Amino acid sequence: MYYDKMQSFYSILFGGLDLKKLKVPEQLLLSIEKPAQYIGNEVNAIHKNIEDIDVHFALCFPDLYEIGMSHLGLSILYNIMNAKEAVYCERVFSPMKDMEALLAKENLTLFSLESQTPVSEFDMLGFTVQYEMCYTNILNVLKLSGLELRSKDRLASDPIVCAGGPCVYNPEPIAPFIDFFYIGEGEANLGEVLDVYKALKNDASIAKDQLKDIFLEKLLLVEGVYVPKYYDVTYKEDGTINEMVPNHENAKTTINKQIVVDLDTMEYASNPIVPYVQPVHDRIVLELFRGCSRGCRFCQAGFIYRPVREKSLETLSAQADQLAEHTGHDEISLISLSTSDYSDLSPLCDFLIDDISAEHKVNLSLPSLRIDSFSLDLMNKVQDVRKSSLTFAPEAGSQRMRDVINKGIKEEDILRGSKQAFMGGWNRVKLYFMLGLPGETDEDVLAISTLNDDIIKEFHTIPKPERPQGGVQLIVSTSFFIPKAFTPFQWAKQDTYEEFMRKQKMLNTTINKKRTKYNSHDAKTSMIEGVLARGDRRLAEVIVKVFESGSTFDAWSEHFAFENWENAFNELNIDPKFYASRERSYDEVLPWDFINIGVKKSFLHNEYLNSMKEIVTPNCMEKCMACGATCYEGGICYEDKN
Amino acid sequence: MKIRIKFKKHGLIKFIGHLDLIRAWQKIFRRSDIPIAYSEGFNPHQIFSIAAPLAVGITSDGEYLDLKLSVEAYDLNQLVDEINMTSPEGIEVIEAVELIDKETAGMAACKLARYEVTLSPELNALFDKEKVLGFLNSETIIVQKRNKKGKYNDLDLKAGMFEYEFDNGMFKLLLATGSSLNVKPELLLTALFKFLNIELESFTRELYYMIHRIDIYMSHEPLLTLTEGVAK
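One line per chain: the protein sequences are A and B, in this order.
Counting in our numbering, the first sequence runs from 1 upward without gaps.
Counting in our numbering, the second sequence runs from 1001 upward without gaps.
Here chain B stands alone, though its shape is the one from the complex:
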């Protein structure tokens, strides 16, 4: 039985990187009684995958994890309860749906993600709203992005910006995510800093921003989350 769960990553758990999060999930499953399936072979591992890695420091209301159970039927409410009983503070499952066998894996299915980026009051004071809006509305936003071979390529962020607002020190963004075009909010912010001539090598007590992911979607029109859009 294949299942997709939606979970929150809140609070201090945001300091845990993607690989450590995977190890934490392995331990959650092992502590619980959930009959998660293991791969064959001499070094069996649990069959699960996280849809879209989240960088250290980012909280989220909508993360997704696909897993396979070794049984054909399992009560989904029970699964949610069992995970939440053994999961550490800050990881909370809010939904579970069953997947048909040929459902596209979460990792391949994610196309967009919605974010809120909140500036610290001191950083916001450096942001000229008109200039920021002008930047966001410009035809193209070209940044240099390093590919896997270490070479820098031009990337037009604008091609992956579906919704963007800036008000009250907060950005609301709907950005392309996934393997074909991946626009990270950090990339956009860095480009904006450059545009505004703000130098911020690393955060200070006063100057920083916090990123929160609201959800991940598998289609734009209609806008469907990774659980809403699965085949029934």
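The shape of chain A in the complex, shown without the other chains:
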């Protein structure tokens, strides 16, 4: 370790302690909010000597530290990359606005947390892309790092920019900014990507200024990797895609999603970083399984993460124990797409409540569960006297609509569950619905209000002495439906902004306000998200324009500026309705058709047709519907079969 003048000044002053050199001088860090988020010295943060490694990877969650540090995926990627001796993965987040201003004022570029290295000096910069509304933040990270936004404008010496995560199942709107995408779970094949780079970097015959190009070309042979510059897209007169053709002989016409089949033998992040600055979720996160067997037709996660693969009870018990020991958190939460469906939920919860809690003083925090007698019992055990609210997500008000979306929950289930909850002492119930689901009529919207009334009635059927004191309180929240790629509704049109707001207003005037709090909001963000979710490459220029007009943190309602989007669409002569509110035909080439998630397009389309006929499809636990996910040769598709 070497010292510069300032550091020796301090080390003499403060007892010879070696201070890591911070990118932003300490005295300036003291003028900004939550400075500890920029120092990267948290418990379990990994420090390596940059001279000793081959691949220096800046892993970026393009939002605030407190959001990104709550995200399990980031922790997983950090862990798998740093498990490789030759790789040093460091974290980068979107700086808060005051830090961004400070960087500009001091003429500094964005830096990594652990070694405080400028992002521009890394070998690779990888984004985990969790929601569409972070696209302008991705551009901001590039800009703050001193990098050009578009791949074609960046230098050979600039970091190779890559991206992964759920949004990149339709990578096209951000394709011009990203050198390569990784489609699937990092544990599966990201290691190979890094190995390829390492080998090329150590190959003395390759000139430094050719490394990036040779690497990207080599990636064409790696499964799960999509390098956008090797594909050209042509369009028809009506604006739809004519074809997407590889312009390199090695470029695959189909990119296959990569997954880990056996989660029990998969490495997991056993030493997650423990932040000093409180993240949104400050607790242990235990991942129970991947995928979801339910098949709700609106849910992208339910299809892209197929097939369902569980961790065993033994694995989870051991991991919970380790995580408690390594972090010191006082709370553990369970994560999956549908926790109630976990095969061994009951023994797992017993273990967590009795053993882990006793040994490590860690409390179990339950996710929202399907409300039945089992989960109410469980909540009783966990919550003791504090009865906070219960959550139901019927998603739609009418049974007809719930059948359309294949929600697989009956009105009786909701009413029975509510009654059980009331009798168990809960009197606050939260209900989540979506407005604008395909084929929704005004009656369907009003059915939300009726269901709400019926739940209130259910409360009053309970004799007074047996119901909770203080009456019943419902909290109804509606969100606006956004059709996503790789769902049966990928062909459907999204409601227009006007239609969304009309429906919301109608519901707002009908709903029983005496007992219900209705959370409504503006549909503008949902409309933009709807455009981006099914967008193509042509939208990249819109995103650039929006960013250049000052937009960042679009996912934050206080920062979202709709007019910037509106202006960009106008200036570039792009009709947002073409992307959001247009019904596609089955023959149309969709921008994401070249990605294979295992689930077949024909299956999704058949599900779309079933939805219109209000036909409910059995879930994976009941019956295999041959969606195509059997191609991964594991998980729920093969249970009971060996």
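The hints are simulated quantities; they were obtained by calculation from the structure and are not laboratory data.
Any given hint might turn out to be false.
[As the list claims (entries may be wrong)] Per the computed footprint, the stretches of chain B lying under chain A, defined by three or more beta-carbons under 8 angstroms from a beta-carbon of chain A, are:
1. 1009-1017
2. 1028-1041
3. 1201-1212
[Said to hold, decoys possible] Keeping only pairs whose Cα atoms sit at most 25 angstroms apart, straight-line, the calculated DSS-like set for lysine-lysine is:
4. A/Lys-143 to A/Lys-23
5. B/Lys-1008 to A/Lys-20
6. B/Lys-1009 to A/Lys-20
7. B/Lys-1009 to A/Lys-21
8. B/Lys-1232 to B/Lys-1102
9. A/Lys-361 to B/Lys-1002
10. A/Lys-23 to B/Lys-1009
11. B/Lys-1068 to A/Lys-361
12. B/Lys-1008 to A/Lys-21
13. A/Lys-419 to A/Lys-524
[Stated by the list, open to error] The following residues of chain A were derived to be distant from chain B, with all beta-carbon distances above 12 angstroms:
14. Glu-26
15. Leu-28
16. Leu-29
17. Pro-176
18. Leu-378
19. Lys-419
20. Ser-449
21. Glu-498
22. Ser-581
23. Val-589
All figures in this text were calculated on a predicted structure; none of them were measured in a lab.
Beta carbons: idealized from backbone N, C-alpha and C, even for Gly.
Following the hints, position chain B against chain A.
Quick look at chain B alone, frame taken from chain A:
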């Protein structure tokens, strides 16, 4: 068993505020095998308290934390080792003493604290030593201090300044701390800036100062630290 530990807060950990420090301590105790006592009730929490909160940016050689163990006897050296094994870089326990049951809590016991305030060379250049000494030696140093209700009251800092020196760009201060009179070095520096007509809204690359707390004391004469002065 009640214990008071003395710890250092050094290096980058100075950027962690008081509440985050408390959360960090909770996690240190949970990661270690120390049998810390938990409160009764449905939402049990660890029984410990930090004597005097330290503002973000201040390092210290003498911080104190009182804790209660669920056992009657525990080896104090082992306790120190166990904490230091799980504590993050920058938090280091240097001493532990057992407290008798009726020992005054650290929070109530602290009366004085010793600080060193180091000016950056550029800031020091703006400080006229004679003027500074004149200021420090004046009869009263009145500042406006906002109370909990948001009202401003006059506060005479001089009443809480037991020792003060200024030499070579460094202040050495022994100041009143605690609930009755609390003189923070920042308050004194701000008053001094005003006196010297130096405008420093927030630190710049060149103009700044760093505060280091040396120790906290429970009595002035004799001067005893929070561990030296406890009843045996």
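Checked hints:
Three residues within the 8 angstroms Cβ limit are the bar, and the segment 1009-1017 of chain B against chain A gives 7, so the coverage statement holds. Counting residues of the segment 1028-1041 of chain B whose CB lies closer than 8 angstroms to any CB of chain A gives 5, so the stated coverage by that chain holds, three being the minimum. Coverage of the segment 1201-1212 of chain B by chain A holds in this model, with 7 residues showing a Cβ closer than 8 angstroms to a Cβ of that chain against a need of three. The suggested pairing of A/Lys-143 with A/Lys-23 holds, with an alpha-carbon distance near 17 angstroms, which does not exceed 25 angstroms.
A C-alpha spacing of about 17 angstroms is found between B/Lys-1008 and A/Lys-20, which places the hinted pair at or below 25 angstroms, so the restraint holds. Using a Cα cut-off of 25 angstroms, the hinted pair B/Lys-1009 and A/Lys-20 holds, with the two alpha carbons roughly 15 angstroms apart. Using a Cα cut-off of 25 angstroms, the hinted pair B/Lys-1009 and A/Lys-21 holds, with the two alpha carbons roughly 18 angstroms apart. Taking the CA atoms of B/Lys-1232 and B/Lys-1102, the gap is near 11 angstroms; set against the 25 angstroms cutoff, the hint holds.
As the CA atoms of A/Lys-361 and B/Lys-1002 are separated by approximately 20 angstroms, the hinted pair is consistent with the 25 angstroms bound. Taking the CA atoms of A/Lys-23 and B/Lys-1009, the gap is about 21 angstroms. The hint holds against a cut of 25 angstroms. At most 25 angstroms may separate the alpha-carbon atoms for a hinted pair to count; B/Lys-1068 and A/Lys-361 meet this at roughly 16 angstroms. A hinted pair counts as satisfied when its Cα atoms are at most 25 angstroms apart, and B/Lys-1008 with A/Lys-21 qualifies at roughly 20 angstroms.
Between A/Lys-419 and A/Lys-524, the direct Cα distance comes to roughly 36 angstroms. Violation of the 25 angstroms bound is thereby established for this hinted pair. With 12 angstroms as the threshold on Cβ separation, the claim that A/Glu-26 sits away from chain B is violated: the shortest Cβ distance comes to roughly 8 angstroms. A beta-carbon of chain B comes within 12 angstroms of the beta-carbon of A/Leu-28; the shortest separation is about 6 angstroms. For A/Leu-29, the non-interface assignment is contradicted: its Cβ lies about 6 angstroms from the closest Cβ of chain B, within the 12 angstroms cut-off.
No beta-carbon of chain B comes within 12 angstroms of the beta-carbon of A/Pro-176; the shortest separation is about 38 angstroms. Distance check for A/Leu-378 against chain B: the nearest CB is about 17 angstroms away, which clears 12 angstroms, and the non-interface claim stands. Listed as a non-interface residue, A/Lys-419 keeps its Cβ farther than 12 angstroms from every Cβ of chain B; the least gap is roughly 26 angstroms. Against chain B, the non-interface label of A/Ser-449 holds: every CB pair exceeds 12 angstroms, the least being about 37 angstroms.
For A/Glu-498, the requirement that its beta carbon stay farther than 12 angstroms from each beta carbon of chain B is met, with the minimum near 46 angstroms. For A/Ser-581, the requirement that its beta carbon stay farther than 12 angstroms from each beta carbon of chain B is met, with the minimum near 46 angstroms. Non-interface status of A/Val-589 relative to chain B is upheld: no Cβ of that chain comes within 12 angstroms, the nearest being about 52 angstroms off.
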